[in-house]
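Q: Chains A, B, C, D, E, F, G and H, in that order, are what the protein sequence lines are.
The opening position of the first sequence corresponds to residue 1 in the working numbering, with each subsequent residue numbered one higher.
The opening position of the second sequence corresponds to residue 255 in the working numbering, with each subsequent residue numbered one higher.
The opening position of the third sequence corresponds to residue 509 in the working numbering, with each subsequent residue numbered one higher.
The opening position of the fourth sequence corresponds to residue 763 in the working numbering, with each subsequent residue numbered one higher.
The opening position of the fifth sequence corresponds to residue 1017 in the working numbering, with each subsequent residue numbered one higher.
The opening position of the sixth sequence corresponds to residue 1271 in the working numbering, with each subsequent residue numbered one higher.
The opening position of the seventh sequence corresponds to residue 1525 in the working numbering, with each subsequent residue numbered one higher.
The opening position of the eighth sequence corresponds to residue 1779 in the working numbering, with each subsequent residue numbered one higher.
By construction, these hints were calculated from the structure, which means they are not laboratory data.
Cβ atoms here follow ideal geometry from the backbone N, Cα and C, with glycine treated the same way.
Do not rely on the hints blindly, as some may be mistaken.
Label pairs and their in silico Cβ distance ranges [what the hints assert, rightly or not]:
| no. | chain 1 | residue 1 | chain 2 | residue 2 | range |
| --- | --- | --- | --- | --- | --- |
| 1 | F | G1318 | C | R693 | 53 to 59 angstroms |
| 2 | H | D1894 | B | L275 | 36 to 42 angstroms |
| 3 | G | R1616 | F | A1272 | 17 to 23 angstroms |
| 4 | B | G406 | E | D1132 | 28 to 34 angstroms |
| 5 | B | L275 | H | G1875 | 17 to 23 angstroms |
| 6 | H | R1870 | B | D276 | 19 to 25 angstroms |
| 7 | G | E1770 | H | D1894 | 53 to 59 angstroms |
| 8 | G | D1640 | H | G1930 | 29 to 35 angstroms |
| 9 | A | H154 | H | G1930 | 28 to 34 angstroms |
| 10 | E | A1266 | H | E1871 | 36 to 42 angstroms |
| 11 | G | D1640 | F | G1318 | 23 to 29 angstroms |
| 12 | G | E1603 | C | D657 | 55 to 61 angstroms |
| 13 | B | D339 | C | R693 | 42 to 48 angstroms |
Next come the chains, spelled out residue by residue.
Number of protein chains: 8
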Amino acid sequence: MALNEVTISRAILAEQSRVLLDYMETDAAVVGGGPSGLTCAALLGERGIKCALIEKKLSVGGGMWGGGMMFPRIVVQEEARRLLDRFGITYREYGDGYYVARSVEAVAKIAAAACDAGVEFFNLTTVEDVMIRGDGKVSGLVINWTPVDMAGLHVDPLTIACRYTVDATGHDATVARMVERKSARLSVKGESFMWADRAESQILQHTREVYPGLVVAGMAANTVAGECRMGPIFGGMLLSGERAAELIAANIPR
Amino acid sequence: MALNEVTISRAILAEQSRVLLDYMETDAAVVGGGPSGLTCAALLGERGIKCALIEKKLSVGGGMWGGGMMFPRIVVQEEARRLLDRFGITYREYGDGYYVARSVEAVAKIAAAACDAGVEFFNLTTVEDVMIRGDGKVSGLVINWTPVDMAGLHVDPLTIACRYTVDATGHDATVARMVERKSARLSVKGESFMWADRAESQILQHTREVYPGLVVAGMAANTVAGECRMGPIFGGMLLSGERAAELIAANIPR
Amino acid sequence: MALNEVTISRAILAEQSRVLLDYMETDAAVVGGGPSGLTCAALLGERGIKCALIEKKLSVGGGMWGGGMMFPRIVVQEEARRLLDRFGITYREYGDGYYVARSVEAVAKIAAAACDAGVEFFNLTTVEDVMIRGDGKVSGLVINWTPVDMAGLHVDPLTIACRYTVDATGHDATVARMVERKSARLSVKGESFMWADRAESQILQHTREVYPGLVVAGMAANTVAGECRMGPIFGGMLLSGERAAELIAANIPR
Amino acid sequence: MALNEVTISRAILAEQSRVLLDYMETDAAVVGGGPSGLTCAALLGERGIKCALIEKKLSVGGGMWGGGMMFPRIVVQEEARRLLDRFGITYREYGDGYYVARSVEAVAKIAAAACDAGVEFFNLTTVEDVMIRGDGKVSGLVINWTPVDMAGLHVDPLTIACRYTVDATGHDATVARMVERKSARLSVKGESFMWADRAESQILQHTREVYPGLVVAGMAANTVAGECRMGPIFGGMLLSGERAAELIAANIPR
Amino acid sequence: MALNEVTISRAILAEQSRVLLDYMETDAAVVGGGPSGLTCAALLGERGIKCALIEKKLSVGGGMWGGGMMFPRIVVQEEARRLLDRFGITYREYGDGYYVARSVEAVAKIAAAACDAGVEFFNLTTVEDVMIRGDGKVSGLVINWTPVDMAGLHVDPLTIACRYTVDATGHDATVARMVERKSARLSVKGESFMWADRAESQILQHTREVYPGLVVAGMAANTVAGECRMGPIFGGMLLSGERAAELIAANIPR
Amino acid sequence: MALNEVTISRAILAEQSRVLLDYMETDAAVVGGGPSGLTCAALLGERGIKCALIEKKLSVGGGMWGGGMMFPRIVVQEEARRLLDRFGITYREYGDGYYVARSVEAVAKIAAAACDAGVEFFNLTTVEDVMIRGDGKVSGLVINWTPVDMAGLHVDPLTIACRYTVDATGHDATVARMVERKSARLSVKGESFMWADRAESQILQHTREVYPGLVVAGMAANTVAGECRMGPIFGGMLLSGERAAELIAANIPR
Amino acid sequence: MALNEVTISRAILAEQSRVLLDYMETDAAVVGGGPSGLTCAALLGERGIKCALIEKKLSVGGGMWGGGMMFPRIVVQEEARRLLDRFGITYREYGDGYYVARSVEAVAKIAAAACDAGVEFFNLTTVEDVMIRGDGKVSGLVINWTPVDMAGLHVDPLTIACRYTVDATGHDATVARMVERKSARLSVKGESFMWADRAESQILQHTREVYPGLVVAGMAANTVAGECRMGPIFGGMLLSGERAAELIAANIPR
Amino acid sequence: MALNEVTISRAILAEQSRVLLDYMETDAAVVGGGPSGLTCAALLGERGIKCALIEKKLSVGGGMWGGGMMFPRIVVQEEARRLLDRFGITYREYGDGYYVARSVEAVAKIAAAACDAGVEFFNLTTVEDVMIRGDGKVSGLVINWTPVDMAGLHVDPLTIACRYTVDATGHDATVARMVERKSARLSVKGESFMWADRAESQILQHTREVYPGLVVAGMAANTVAGECRMGPIFGGMLLSGERAAELIAANIPR
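Bound-form chain A, shown alone (with noise of 0.2 angstroms):
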């Protein structure tokens, strides 16, 4: 079979048009691919949510790829290891209840767990602002490219509506401090200290509807909280991704 250029680029650009068009209205978007939004999209998939992950760089994956200073490995706890199995990431132990597992593999298993979830994907993608309309909830998001905005040029966003927002952008809590600039509604407190057991053992507490229409998780829902940040141990985030996943798909019933 003789292969046309313009065939290739016309299949890419139907298929993707027809997506973008679909997801212009979605039940949830996940801000972040790091680990707790790559969980939480992958479990809204699973429980059969539409739902789009918008990704700022071109991967996914976060903070997940370096591993602890570049040192390609994660750990995560006792708590989590659930899920490790549950995305088929493999583990060895590191004394009682660390488990180190390698960067790549863990991107690549949640990502891969997203995808036969039928999560729709948006790398490239940066959120501009948010749209509240007048039941002052946050309703939809007004993206545009990454690239746009790194070459500093003056381009309008586009506008897609979600039932919810999840903001997984890790300590930046991007969605969070934009809906905190404009409204009195929302305080966002900073990260504090490293203390790391206290992160995780805080995180899936503040791990909840921070505004409506708006859930935040990961690093993002402690930095809301002003508590503590940890390092490259992710059990954590995993935990809290499922959590904020549980927390729309009970409002959103299928």
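We have chain A; now place chains B, C, D, E, F, G and H onto it with these hints.
A: Then chains B, C, D, E, F, G and H, alone, in the frame of chain A:
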């Protein structure tokens, strides 16, 4: 269980030091974690060959993440469909013999396969030079941390030994060009015009050992050969990665 | 009527997707939206030829906006006055045979004419390569988003097919140089000294098909020919654009 | 006729010097050449009011060129359709009451209308400060070349006098913020969330003289008022430009 | 003897991995390898206290290398002469009580003394945060590679535990400011005007434990206290380093 | 008297427009306002020759301001002392035949002399190209604003006519290299090693008309000739400027 | 006479070392070599006061070189004409009471006058801090090489003593702001709107000792006072420089 | 004793001026303060030869600080162990004949030895060119401040005379390449592949006078000879520095 930051750090460090010391000598080193490099590494690993994948960036996946013009879809032709199936990548047919897959899924699934096959990943790692000793064979890679290079710092590299090196660095053909610069015995012709059909049909032929110990795969193969380029059509890439793995496996019987 | 952001986004997306899919194949693609490119596109459109204008920047107009040394006036000589009249551009005579027009008006009116003639604009779009297949003819353009290039990202391009390409990229002669780099059959001589009189009198002669399927217009024509350059005198540019349109129209009868 | 470079240069210089000296005093100065600024200038000119349009960049058009996320289409609602008609911009209806136009055509046609109305354009010109004298009125603009600013050079500005200044600089509200920084009598509230419906319905109300001699138009009006933002929907922009022109014309009878 | 690159690499890796794992827990961590930090580390080591010196840059020495305005000489007053003698640094007297030494010699000799005393150096290492657990004490440092930070990459840090931290980061007072940002219990006043005499006489008094587990030394001590700054006079720096070592040694008896 | 900003602006604009229009044609254009260029311009002016000095930077003076290694002193030898005296520059003798002057005074006094001689200065002006017409003579300069170039903007230049051009751009030999790039008739050899004695003794010989209409002076003369370079010794520079002025004056009798 | 590079270097070094050592203590240090600083230094020198002029850039002249918007002309009003005459600067009258001079001439002539008056120039020198000792008086300046600062290097400064410091740094009011940052006793109000008439009439009143030992002159005086700004009208600048010189001379009788 | 900032500044300035004037003429100038340069300078000094070490950066040590891939350890083989002993550097044996030392200690101890031997250091100093006079010998170095170069400023250099220059600038071979560019009598072949064994065994042979007055040492020697490169193995570097010192000492008997 109470978490301890220092134990977490030590777990990562101990684990990765062990791996690093072990991988100072490998059977194969694949340079570049794009579609052909990942495929080659995965298939080498599946054949029981000890393989390190060296990736300059934080994440693997290369040009696959962005699809075509940031529309995150890739196209694969009939001949390569079996590789999609092998890696468990879903796709939709568009016209006769064109299969459209999601970029993110393609990266995630092939990387996951490589992990399952026991490949070790060295990301954020730049190849600075090759080691060639008295036998005139590429017998090792001179590596450094990518951020050291990005920051313009003067830090010496380390060297790893490998029986075979695969240059899967795309149209830069980085390793091949290094060899060309210092040796009269290899000439890199540079890529030609876009002509997908020809590029795909020729790529397998150009996937070969171009210098003792150095195999080229993917677009790097076409670049060395002065052959045409292709767009976001990845079948040939995957097939070329497979071919490179076969070539090496034939010489390193297990 | 209540406005809906998502409907607005969908309207833009649906409309432009339709246009993009349609323009994957065109009769003519004009690269560069400066004076000669805009004129060429407008006149092709007026002749009923399906034409895409591809512009690297956000705005079309090129070197016309800034006049001479930021004094936003351009000069046109007697021979080209009829084109000013045709596009409805006002001017004042300065000395015998020199007509001074406003830069902004010149851009706006020629671009408006191109729009009225049905030309489709692809701005923020960079030509990365050309497609040349077995017939040895420039038969398509390999394009990408400009901001992707500005941001230094690795994203694959798409390809559009066109029967004729016009290189109207000014003294860079971008497309012609791409062809030169990969083919022995075209040589770009580079522009010569400033000599407005000679440049203007020679430009029409150099506006021609320099490679199968590739027509050069405007300063790009003089650059390929090693001919003189001119300053903020735009008559020859407009006439060259007109000539290029005539050349193509003669080969694509409607 | 033989062309002479020096005559060409002199023609440009003489013509623009004449215009510059003439426009050291104008009735109205519109800052910002986006949709509202262009519309305002065009309609002021049509009413016979001497008007200078000052644009920071090389080209006018602002956010219109890029459409939404680089899909070069803009949307206009029913109420503003008559302005499209007035400027001769073609459009297609998408759903009830949404009209989609081409970005390039919109810019070209409104700019052409402004030219026809006698507006003078000062592009590549930055407003550094405003002139306020004893009467406490914004009575002039302190301008400089944009490239001087981009290059970080220390060059003094010049000053032009104008009876009315229109701040049409979009959500930067550049001129209003300058006044705010140095005077307690104006407060810029900053734009609020995306809510196109509200933004569009409120913009006309916020288009007003916010400080003696200073009228705000377009998104700058909403920014000063702390009002919502909109996306690539430009009807309100055009209507706001029209309203600003009417306000000024009412005070400068001809 | 034939050299082997891989053995060399393995030697470095094995040796440093051993040291890194050992220094995940230390008695003291000195942050900043300028005059006070080097002196403090050297004297801690001489007292048998396990000490890590963490330096952001490739080389230690800080502000000493450049002398005053790149004239590579430093001045030390009478009181600190005994430390020059202790480290074997030669000097010349200039006027009464001023001793001029060579910058390079000063750095080399104090660093050599620290090495002889068994201090381990972690250069190209940035302190990102501190670890504070339930006891409210600075009990560890969150570190990362400096080039990772310079390259703007997202890579997680590791954590080392230490009983005492010395902030010897000069007038940035980096560690003290980190603590200040996240805790209400420490206030950094910022350095005052240049007044060498006062700065030198006060520095010893300000060298103290400003937060549980955190000792400030050198200019950082004066910065926290809002005290005056000094120029290229280093006596007080060395004496402050000595004082900090004494303070810690008094609490960690060997 | 009450000051009026607009009158001030108009005064500047009117005055400089008049000068610009007048200097579109000059007898001589000196490119580069360093020691040789300033001297040449001053002496041309004193001979009644209409002369424009074109300087790329904001200030004239070039390499003289910084003396040697930022010690703002220059040295002049015996032969050139009469030029110091002529311009009223004070100096001190250092050893036999070496005269040390202050950098700032040297620039100020020679520039003042040029002003007194009626030279017009065009600073922040870059020479982009030269005009060569049918007679094969450098008969004009293609100029642009330097900040336009620094900001990377696309703005067309203007052209001024001059009977003689002096390239006094130092070891860049900017104008000579432009001519070399486009013509086979001039070859720039590039400067040789530092050898002040030889450089100074040869410079007058190399100060000559190297191409019809183009005279080289100062270090540019030695660069074209492949001659040695000198350091902060300026006697030869001044003498070369004088020689260039004499050469031109001999051909433009007044 | 044969030239010797080393003797030349030694001459420069010996001469400037002598000057530097001598100027470690001066009567007055003028910071900023723009119009008011140069005038002040020239007039201090003429009164026999030992004066150092410290300029951040390579060249003195500041905002005068560029005239208004790069048209290199400045305007001076009637009151200041006598200073033009005093420095020998030529001018043309434009309307009643406005005198237009050439930028380059103005810089050159005032700088030449300062040289003749014995002022020593320290260019490429940045003021990093001020020295304030027990008497609470600004009694010295903490200086460094500007390139050290531009290159982001960590090099300690040196300190020079002076009885009076003049802040002539323009609207940055650099020295005054340094004092403000570290002392509650000085407040810099910041410049107000453009209003040339008021700015010029108030500047002399604001030229005063704002802190013990610190006199402000030129636009810095207006900035400290919260007074209006002016454009390319330099009369007030020169008069303010004169006033500052008078204030200091009255306190340092010779 | 009360400290005085100005006396401190004067002490530094007076002392360094004295040294600078003295070192305008030296026996030997070593360019580059890495392992071979430091060793060479230390051993020249020990032999009583007047020696200046010129280092581009703020700190000496070069590639030694970073060890291999930021693991701050270096390796030395058996042959060079006596130099470690000579400089008092401690080490541990790793396998047969490999000795691992700490990077920081190696730099500090060799630099300290150079200081003790009376070497003067000129850091932050760039070699811009060499001085070659009638005898065709490299007889001096043209130097400038590094920050001047980093800031892109135009400041003239100074020149120092030396009987011998050692190029110890590593694989840049900076000085040798300068000579190559301007003279046909020296050709720099460029470094070859990594092959530590060969590189180390050849380096002493290539350490020689490659041009009259110019000796190459360390990796620069191998670069000139087209020889192999090595990694973080420093024995050959130290031995090459020793050899260069011996070569020079043989020609400058004391």
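Q: Each hint needs a verdict: does it hold in this structure or not?
A: Okay, the hints, checked on the actual structure:
1. Checking the proposed 53 to 59 angstroms range against G1318 of chain F and R693 of chain C shows it holds: the Cβ atoms sit about 57 angstroms from each other.
2. Taking 36 to 42 angstroms as the suggested C-beta distance range, the pair D1894 of chain H and L275 of chain B conforms, at roughly 39 angstroms.
3. Checked against the hint of 17 to 23 angstroms, the C-beta distance between R1616 of chain G and A1272 of chain F comes to roughly 21 angstroms, which is consistent with it.
4. Between G406 of chain B and D1132 of chain E, the C-beta spacing of about 32 angstroms keeps the proposed range 28 to 34 angstroms intact.
5. Distance hint for L275 of chain B and G1875 of chain H: a CB-CB separation of about 19 angstroms, consistent with the stated range 17 to 23 angstroms.
6. Between R1870 of chain H and D276 of chain B the beta carbon distance is about 22 angstroms. The supplied range of 19 to 25 angstroms therefore holds.
7. Between E1770 of chain G and D1894 of chain H, the C-beta spacing of about 57 angstroms keeps the proposed range 53 to 59 angstroms intact.
8. In this structure the supplied range 29 to 35 angstroms holds for D1640 of chain G paired with G1930 of chain H, their Cβ-Cβ distance being about 32 angstroms.
9. The supplied range of 28 to 34 angstroms is met by H154 of chain A and G1930 of chain H, whose beta-carbon atoms lie about 30 angstroms from each other.
10. The hint said 36 to 42 angstroms for the Cβ distance between A1266 of chain E and E1871 of chain H, and at roughly 38 angstroms that hint holds.
11. Checked against the hint of 23 to 29 angstroms, the pair D1640 of chain G and G1318 of chain F passes, with Cβ atoms roughly 28 angstroms apart.
12. Against the hinted window of 55 to 61 angstroms, the Cβ-Cβ separation of E1603 of chain G and D657 of chain C comes to about 57 angstroms, which satisfies the hint.
13. Distance hint for D339 of chain B and R693 of chain C: a CB-CB separation of about 43 angstroms, consistent with the stated range 42 to 48 angstroms.
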